[in-house]
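Could you put together the complete structure from these sequences and hints?
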Amino acid sequence: QQQVKQSPQSLIVQKGGISIINCAYENTAFDYFPWYQQFPGKGPALLIAIRPDVSEKKEGRFTISFNKSAKQFSLHIMDSQPGDSATYFCAASKRQAGTALIFGKGTTLSVSS
Amino acid sequence: GAVVSQHPSRVICKSGTSVKIECRSLDFQATTMFWYRQFPKKSLMLMATSNEGSKATYEQGVEKDKFLINHASLTLSTLTVTSAHPEDSSFYICSARDSGTRSYEQYFGPGTRLTVT
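Protein chains in written order, with our numbering: chain A, 1 to 113; chain B, 1 to 117.
No lab work stands behind these hints, which were simulated from the structure alone. Among the hints, a few may not be true.
[Claimed, not checked] Which bits of chain A does chain B cover? Going by a derived footprint, with three or more residues having C-beta under 8 Å, they are:
1. 35 to 47
2. 104 to 113
[Stated by the list, open to error] Calculated lysine-lysine pairs in the DSS-like style (CA-CA distance at most 27 Å, straight line):
3. A/LYS105 x B/LYS42
4. B/LYS66 x A/LYS42
5. A/LYS5 x B/LYS42
6. A/LYS94 x A/LYS68
7. B/LYS42 x A/LYS15
8. A/LYS42 x A/LYS57
Yeah, the Cβ is synthetic: ideal placement off N, Cα and C, and Gly gets one too.
Right, here's the structure in full:
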């Protein structure tokens, strides 16, 4: 019930294309769903996050789509750029204080120029 | 955004020695901080939840006597790897959430690369 399943494990997209990464969760008590971007040798950086009371959130080229009934959420990167090449992690948690994030296994994105 | 720092960024130590890693929230207070371990090309594995002024909560399988956590103030948590062995070599990352706001965002430090020889 604590798992967050992420797919695909790796993704190659051409410059200007759309990158799509999917996650699914089991615990219906989760109510906070962030995405993190991590470059090699660096800590994860918060990219965008969503709560289950909305179905979509957009920030610049990054969009989260959320399907509460299916317990799934996805990250869309529009107009993908070589600088977007990184590992992306979805996560989920309860919003109450002191609750740790449960991470997916990560997706390595390579954007070819 | 909120800033979390870690020190040192890299450390090499000999087997049997102890190493302390500091995690600081630079512009906010954090009642709770989290410590993660990450192996190459793997996801983040939660080791423990660090609570200011009280004992840390360790995840199953994490030895609390080996990974000592202290959260003495609202801006500092430390992880001490005691009697380190080569299998403890890893990337250790902390995260923190701003206790003073209603925000639920967790911010991560830059990580500490530990190599035990």
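Hints versus structure:
Coverage of the segment 35 to 47 of chain A by chain B holds in this model, with 7 residues showing a Cβ closer than 8 Å to a Cβ of that chain against a need of three. Counting residues of the segment 104 to 113 of chain A whose CB falls under 8 Å from any CB of chain B gives 4; the rule of at least 3 is met. Taking the CA atoms of A/LYS105 and B/LYS42, the gap is about 7 Å. The hint holds against a cut of 27 Å. Taking the CA atoms of B/LYS66 and A/LYS42, the gap is about 25 Å. The hint holds against a cut of 27 Å.
Our distance criterion of 27 Å between C-alpha atoms is met by A/LYS5 and B/LYS42, whose separation comes to about 14 Å. For the hint pairing A/LYS94 with A/LYS68, the CA-to-CA distance comes to about 15 Å; that is within 27 Å, so the pair holds. Of the pairs offered as hints, the one joining B/LYS42 and A/LYS15 holds, with about 26 Å between alpha carbons and a cut-off of 27 Å not exceeded. The hinted pair formed by A/LYS42 and A/LYS57 meets the criterion: a straight-line CA distance of about 26 Å does not exceed 27 Å.
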